[in-house]
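Visitor: Each chain is listed here by its residues.
Protein chains: 2
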Amino acid sequence: MGAPKEGILSEEPLYDPKILQRLDFSKAPTKFSPPVSAARPGDGLRVRPLCRADYNRGFLQLLSQLTSVGEVSEEQFLKRFDAMQACPNTYYVTVIEDTTNGQVIGSSTLVVEQKFIHGCAVRGRLEDVVVNNTYRGKQLGKLIIMTVTLLAEELNCYKMTLDCKDKLVPFYSSLGYTLEQGNSNYMMIRFDKAPS
Amino acid sequence: MGAPKEGILSEEPLYDPKILQRLDFSKAPTKFSPPVSAARPGDGLRVRPLCRADYNRGFLQLLSQLTSVGEVSEEQFLKRFDAMQACPNTYYVTVIEDTTNGQVIGSSTLVVEQKFIHGCAVRGRLEDVVVNNTYRGKQLGKLIIMTVTLLAEELNCYKMTLDCKDKLVPFYSSLGYTLEQGNSNYMMIRFDKAPS
Numbered sequence: 001m002g003a004p005k006e007g008i009l010s011e012e013p014l015y016d017p018k019i020l021q022r023l024d025f026s027k028a029p030t031k032f033s034p035p036v037s038a039a040r041p042g043d044g045l046r047v048r049p050l051c052r053a054d055y056n057r058g059f060l061q062l063l064s065q066l067t068s069v070g071e072v073s074e075e076q077f078l079k080r081f082d083a084m085q086a087c088p089n090t091y092y093v094t095v096i097e098d099t100t101n102g103q104v105i106g107s108s109t110l111v112v113e114q115k116f117i118h119g120c121a122v123r124g125r126l127e128d129v130v131v132n133n134t135y136r137g138k139q140l141g142k143l144i145i146m147t148v149t150l151l152a153e154e155l156n157c158y159k160m161t162l163d164c165k166d167k168l169v170p171f172y173s174s175l176g177y178t179l180e181q182g183n184s185n186y187m188m189i190r191f192d193k194a195p196s
Numbered sequence: 001m002g003a004p005k006e007g008i009l010s011e012e013p014l015y016d017p018k019i020l021q022r023l024d025f026s027k028a029p030t031k032f033s034p035p036v037s038a039a040r041p042g043d044g045l046r047v048r049p050l051c052r053a054d055y056n057r058g059f060l061q062l063l064s065q066l067t068s069v070g071e072v073s074e075e076q077f078l079k080r081f082d083a084m085q086a087c088p089n090t091y092y093v094t095v096i097e098d099t100t101n102g103q104v105i106g107s108s109t110l111v112v113e114q115k116f117i118h119g120c121a122v123r124g125r126l127e128d129v130v131v132n133n134t135y136r137g138k139q140l141g142k143l144i145i146m147t148v149t150l151l152a153e154e155l156n157c158y159k160m161t162l163d164c165k166d167k168l169v170p171f172y173s174s175l176g177y178t179l180e181q182g183n184s185n186y187m188m189i190r191f192d193k194a195p196s
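Quick note, the sequences are listed as chains D and B, same order. For reference, each letter of the first sequence is one residue, going 1 to 196 in UniProt numbering. For reference, each letter of the second sequence is one residue, going 1 to 196 in UniProt numbering.
In short, the hints are calculated from the structure, not lab data. Heads up, some of the hints might be wrong.
Which copy is meant is left open, because identical chains are indistinguishable; a pair holds if it fits in one copy or across any two.
Unchecked claim - Under the rule of at most 30 Å between Cα atoms (straight-line distance), these lysine-lysine pairs were calculated in the DSBU-like manner:
#, residue 1, residue 2
1, 79, 167
2, 27, 142
3, 138, 79
4, 18, 138
Kindly produce the complete structure, drawing on both the sequences and the hints.
Guide: Written as structure tokens, this is what we have:
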């Protein structure tokens, strides 16, 4: 009797998918040609929250096109998924699925941070953006970034921020992100255990 | 019968304070003179997690020296505190208390973000650093920043990052933070509801 239950659990979205349907892409600070949105991403594509079953749909292999992922067992993946889900209104890992082959071919994450400043405001962060390199040139990067950006606005974030390498500045600029004069420094300390 | 319970609740720390006692300041990438640590911050000072009672100890007034806070009622503050506490292993709002007058005179926050990349790693972010301007020049900024930085390492973050204005780059550089070559861009979109 456990199988159906597990089946439901494995498709359970990390967050409520309805919110993606109501994002207004006409407000996006970039144009899509042809026009697409999270609700209508194009034939054979679906934009939706991450779910547990994505472990078997190439989600981690996709991330490995972005940076090192290492050996992550299904158990580890599920534990991390559960830990994200245990933080209310925080993690919005969003994927593009190619419905013709059931593979995850794009992903980006909105992380919402709660503040005391600005009247107990919330802010958003854009993290871990990747599109399968065999699907490049189809505005899917723009689509997945704009999806979580509009999602941040929908969730009442007062700003959405990102950190990036020099070579990506023109791309993010084309999507409405700015290097704010005098306030665009990203600094870090890497600890000994740091992966590359 | 409610009062004692409320009293205990109001002093309940946002996170386990024991972890602050074991931070090894000899590992800090900056020197303190005289030597201080989170465990021994100096006479009349205490470094500890935020608690609910800090609403009445000047915590928000302190934050207003950093940026706009607005009118935040005790109810709003407690709701935000509870929301942070509801996210396991995420929010580490840390304060310095002047024990001679019971006021919160410094604060900084470590926000831990969970990832799938790097073997389901966690990273840290330094947020909302402020020291009461009448207590400047006592290395309290260094102390509170290094406290949450070492805390990030203790919690197995692979890196700790921050974003800052140009004028603060030399200060953070002196604490071991670096502008990584080709990877130090901080970009943003401010939404209409954005506070200044």
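Visitor: Could you run down the list of hints and mark each one as holding or not?
Guide: Here is what the structure says about each hint:
1. 79 with 167: Neither. Shortest intra-copy (34 Å) and inter-copy (41 Å) distances fail the 30 Å Cα cut-off.
2. 27 with 142: within (14 Å within a copy, 42 Å between copies)
3. 138 with 79: neither (33 Å within a copy, 43 Å between copies)
4. 18 with 138: Within one copy, since 24 Å is at most 30 Å while 51 Å is not.
Going through the hint list in order, the structure does not satisfy hints 1 and 3.
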